[in-house]
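Those protein sequences? They're chains B and H, same order as listed.
Residue numbering for the first sequence follows the numbering used here, beginning at 646 and increasing consecutively.
Residue numbering for the second sequence follows the numbering used here, beginning at 88 and increasing consecutively.
These are calculated hints, taken from the structure and not from any lab test.
Be careful, since some hints might not be right.
Derived DMTMM-like pairs: lysine to aspartate or glutamate, alpha-carbon spacing no greater than 25 Å straight-line [claimed, not checked]: (1) Lys170(H) with Glu1190(B); (2) Lys170(H) with Asp814(B); (3) Lys1191(B) with Glu1126(B); (4) Lys115(H) with Glu758(B); (5) Lys115(H) with Asp814(B); (6) Lys115(H) with Glu1190(B); (7) Lys934(B) with Glu247(H); (8) Lys934(B) with Asp157(H); (9) Lys1214(B) with Glu1190(B); (10) Lys170(H) with Asp834(B); (11) Lys170(H) with Glu758(B); (12) Lys1166(B) with Glu1126(B); (13) Lys656(B) with Glu823(B); (14) Lys115(H) with Glu1126(B); (15) Lys115(H) with Asp970(B); (16) Lys943(B) with Glu162(H); (17) Lys170(H) with Asp825(B); (18) Lys1166(B) with Glu823(B); (19) Lys170(H) with Asp839(B); (20) Lys934(B) with Asp1203(B); (21) Lys115(H) with Glu780(B); (22) Lys115(H) with Asp754(B); (23) Lys170(H) with Asp970(B).
Facing chain H, a subset of chain B residues (Cβ under 10 Å, in silico) [what the hints assert, rightly or not]: (24) Gly828; (25) Ala952; (26) Val1099; (27) Ala1103; (28) Tyr1137; (29) Ser1139.
Every residue, glycine too, gets a C-beta built ideally from N, C-alpha and C.
The residues making up each chain are set out below.
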Amino acid sequence: MKLTGAQALIKSLEESGVDTIFGLPGGAILPVYDPLLDSSIRHILVRHEQGAGHMAEGYAMATGRPGVALVTSGPGATNIVTPIANAHMDSTPLVVITGQVPTSAIGTDAFQECDITGITMGITKHNFLVQSASELPRAIAAAFHIATTGRPGPVLVDVPKDVSQSMMDWWWPSSISELDLPGYQPTVDINQADIDAAVALIEAAERPVLYVGGGTLKSRASQQLIAFAERSNIPVVTTLMARGAFPDSHPQHLGMPGMHGFYTAVMAMQRSDLLISLGARFDDRVTGKVDGFAPEAKIIHVDIDRAEFNKVRRVDVSIQANVKDALIALDASTSTVKNLDAWWKTLRSWQADYPLTYDPPTSDGPLRPQLVIESIARASAPGTIVTSGVGQHQMWAAQHWQYEEPGTWINSGGAGTMGFGVPAAIGAKVGRPDRTVWTIDGDGCFQMTAQELVTARAERIPIKVAILNNAYLGMVRQWQEMFYDERYSEVYLSPDLPDYVKWAEAMGCVGLRATNPQEMKDVIEEANSINDVPVVIDFRTDSSEKVFPMVPSGATNDEIMVHPSQRGKRS
Amino acid sequence: MTTPEPYVGPTAAPVVQHHILSVLVENKAGVLARIAGLFARRGFNIYSLAVAPAEGHALFSRITIVVDADSAPLEQIVGQLNKLVNVVAITDLAPKFAIERELLLATIRTEVDEQTNLMEIIAAANAAIVDVDAHAVTVMLAATPEACDALERTLEGFAEVELHRTGRVALPRLGKVTS
């Protein structure tokens, strides 16, 4: 069968199981958009390529399947660099296809030329510049294989215009060995000696903690985690990337660790004598000052990526495996578990003394942002998916929403990309149309990518956006208040400029506003009753509200600052 | 191919902990850039670098990298390198278990009265004369890095010397175990 490169590209995506592409056409990718008309693949036309990338991420994080984006060369390609970097930091499987100028023009500074494989070398798991149409099926198949196996990540395929225009004989690689990847071996057999060594540490530990990271979600290991945790009675913390991997309502769950983690989760790690890290990477937001992090803890580190071992913290036992396989092996080998009553007694006393808290709400506003989040959570169906931008609202959303199952919390962890929330929610809703999808957003973040609500309306993707409008770049404001002597530099945004309700309406969405608790209740109810168009709510929140607990930057986790109402307590 | 690093002179002789990585890579466009980029963004230092087609393979190249193991733990460097899809295999050669060689080329312009002295130096170093004219001689030495260092220091006594060295290549010592 003779196909053009463009037809082969679309057919390759179909063969790879793609049902949705997020993209925006342009000159160099034009040939590929023609056969798309004849394909069963749904294309979501975005308003900015960054939106396409974050939508693909939201889709991937909600479904566990790779997200796909299709953009043109030059600025189209550079506009998607931020989502690629974001996916790289959070190990999200993406396949990004970029148009490129014709092979004969590469290197001549042609119109809309840029070296996108060079630019993305350090922020992709791998990338390809396809040299001929006959190579396209292998490149696409390899891209999906690499993106989704081992430690997942973004893969970019750069397709010159003449490659998509020229003819090829259709073929499709029938096995992984035909992908021509002699240096790529993503799977490893678990070493039983490592398991045995880990079990010996677990059986000897008096203050163990299961430190659960994003890799637990990626390997779909929640059931195995619950089983192992319950049998061993070991307390669990879930990082920002792992919220939902272990039910928040589970009595063994201590919450999120880290800079804005729950006091008990932070201190449990800090006083632990054994951290069992499951697909986590000892990120600086979790460890605080590394020298003072969990000083008495031995470390068992489970990761599919062996380069994570000893990168930040010396480990005592490393297990190279995906988390699911490692948990099954650990569970099968662990026979006796120490009585942890004394450890639990300590943890329960911390929980009693330092629960998550905030100042009591007032009846006449401004709203407490934490109350807004708790109210939306209470009013929304179980299994509702939450996305967020980056900043105070993200931390409150991670703290105050109860996550009960995998894939319900979608945020930008490692990269900290403002503006992630709205497009990620659109992608999540496309991937899981059966679920309600809320974005908990900040006013600063919303302004970065709000134009994708036009996409959402045009494509009938009814997401719900809660803007916690405190008129500030709130997290920066918090740091300036606490660490820069209240000298506020370039953080004020105004609550009324833009008018978020009018802006929402101009984009074809329902725009609502709430300034006090009664209005808040009403608009949440109204938003949850609308299921045909996107809804945007402007919640006027208290700009002086800060995220607590907080470990100051550069401090050890022992220096955690609790909410002012809890200071001076002793446990 | 030789190291792109500028020649900095014999006083920069290594005191740091060096390790030799023999890296088999796919012979594809941009592979060297991927490796160089990885070292740059992770803060690993390359002391020397040599690239050539791998023995008996059109599809593979061998890159011999002398790394500064003080700049990062060797385990990190190897672990991160291994993640590059185009990297097929990495052999870590500890210096005491490796045979290392470099190539040195030097053109020395001399006055007539210095020529005897120069010839003695060349002979003592076991270097070969590969080019010559009325005012200058070009010598070649293929030897251990230490021998190349020694010749380089000796030649410093001459007024006008142009000297180039390659990156080093290495193989395991026979009968010894490598890690």
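Hints and how they fare:
{"no.": "1", "hint": "Lys170(H) with Glu1190(B)", "result": "violated, 43 Å"}
{"no.": "2", "hint": "Lys170(H) with Asp814(B)", "result": "violated, 33 Å"}
{"no.": "3", "hint": "Lys1191(B) with Glu1126(B)", "result": "holds, 10 Å"}
{"no.": "4", "hint": "Lys115(H) with Glu758(B)", "result": "holds, 22 Å"}
{"no.": "5", "hint": "Lys115(H) with Asp814(B)", "result": "holds, 24 Å"}
{"no.": "6", "hint": "Lys115(H) with Glu1190(B)", "result": "violated, 54 Å"}
{"no.": "7", "hint": "Lys934(B) with Glu247(H)", "result": "violated, 53 Å"}
{"no.": "8", "hint": "Lys934(B) with Asp157(H)", "result": "holds, 22 Å"}
{"no.": "9", "hint": "Lys1214(B) with Glu1190(B)", "result": "holds, 21 Å"}
{"no.": "10", "hint": "Lys170(H) with Asp834(B)", "result": "holds, 17 Å"}
{"no.": "11", "hint": "Lys170(H) with Glu758(B)", "result": "violated, 29 Å"}
{"no.": "12", "hint": "Lys1166(B) with Glu1126(B)", "result": "violated, 31 Å"}
{"no.": "13", "hint": "Lys656(B) with Glu823(B)", "result": "holds, 18 Å"}
{"no.": "14", "hint": "Lys115(H) with Glu1126(B)", "result": "violated, 53 Å"}
{"no.": "15", "hint": "Lys115(H) with Asp970(B)", "result": "violated, 34 Å"}
{"no.": "16", "hint": "Lys943(B) with Glu162(H)", "result": "holds, 20 Å"}
{"no.": "17", "hint": "Lys170(H) with Asp825(B)", "result": "holds, 16 Å"}
{"no.": "18", "hint": "Lys1166(B) with Glu823(B)", "result": "violated, 58 Å"}
{"no.": "19", "hint": "Lys170(H) with Asp839(B)", "result": "holds, 22 Å"}
{"no.": "20", "hint": "Lys934(B) with Asp1203(B)", "result": "holds, 10 Å"}
{"no.": "21", "hint": "Lys115(H) with Glu780(B)", "result": "holds, 14 Å"}
{"no.": "22", "hint": "Lys115(H) with Asp754(B)", "result": "holds, 23 Å"}
{"no.": "23", "hint": "Lys170(H) with Asp970(B)", "result": "holds, 21 Å"}
{"no.": "24", "hint": "Gly828", "result": "holds, 4 Å"}
{"no.": "25", "hint": "Ala952", "result": "holds, 3 Å"}
{"no.": "26", "hint": "Val1099", "result": "violated, 36 Å"}
{"no.": "27", "hint": "Ala1103", "result": "violated, 38 Å"}
{"no.": "28", "hint": "Tyr1137", "result": "violated, 35 Å"}
{"no.": "29", "hint": "Ser1139", "result": "violated, 39 Å"}
Violated hints, in rising order: 1, 2, 6, 7, 11, 12, 14, 15, 18, 26, 27, 28, 29; the structure is consistent with all others.
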